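Visitor: Sequence:
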Amino acid sequence: MWRKIAKYFNRYPKRRKLAQKLLKYGLKINDNKIYCGEIELPDSKIARAFDIDRRIINSTIETIMKKEDLKKVFSNLNPTCCLKDVAPEMNWGVIEIIPEDPSMPGIVADVATIIADNKISIRQAIVDDFELSEEPRLFIVTEKRVPGTLIPKIREAKGVKAVLIY
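Numbering (this note's numbering), first residue to last: 1 to 166.
These aren't lab readings, by the way, just hints derived from the structure by calculation. Since the structure is predicted, the reported quantities are computational estimates derived from the model, not experimental observations. Just so it is clear, CB atoms sit at the ideal spot from N, CA and C, and this is done for glycine as well. All clues given are correct.
Cβ pair distances, simulated, as ranges:
| hint | residue 1 | residue 2 | range |
| --- | --- | --- | --- |
| 1 | Lys66 | Ser121 | 42 to 52 Å |
| 2 | Pro13 | Ala109 | 31 to 41 Å |
| 3 | Arg48 | Glu100 | 31 to 41 Å |
| 4 | Glu156 | Ile39 | 35 to 45 Å |
Please model the complete structure; the sequences and the hints are all you need to start from.
Guide: Given below as structure tokens:
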């Protein structure tokens, strides 16, 4: 997906950076403004957060609105709640998987099977997009803490390079 989008921004590194951040955080464009869900975000705050000039925001939005395929993507983004940081407070478990090759199919399926075979429910699974993230990870939040005895089993799953449990 990113390659299709990036071609519109290859000559403009700051616009490219903003487009990547919009995708990463699920920030959508509607009516020439940037939204987090239904909340309109001020250009000045976005510029400060992403260390870009406000004019970059306007030119990026203009590029997106001119290209129908970009408009379809960026007008339909939604932010996602990630539970991994609150999991310890809820007595849930978190498994972080570092993949050998993040584009390899079946990693999530194999790890989920191991977890299910041990009678642990998955509350959430979030995978970083390998085209948008330099070091993509798979985060799995479980209904209870995961016993350390599962680490070797998960490490043996297809495509798993390393496992962290916290």
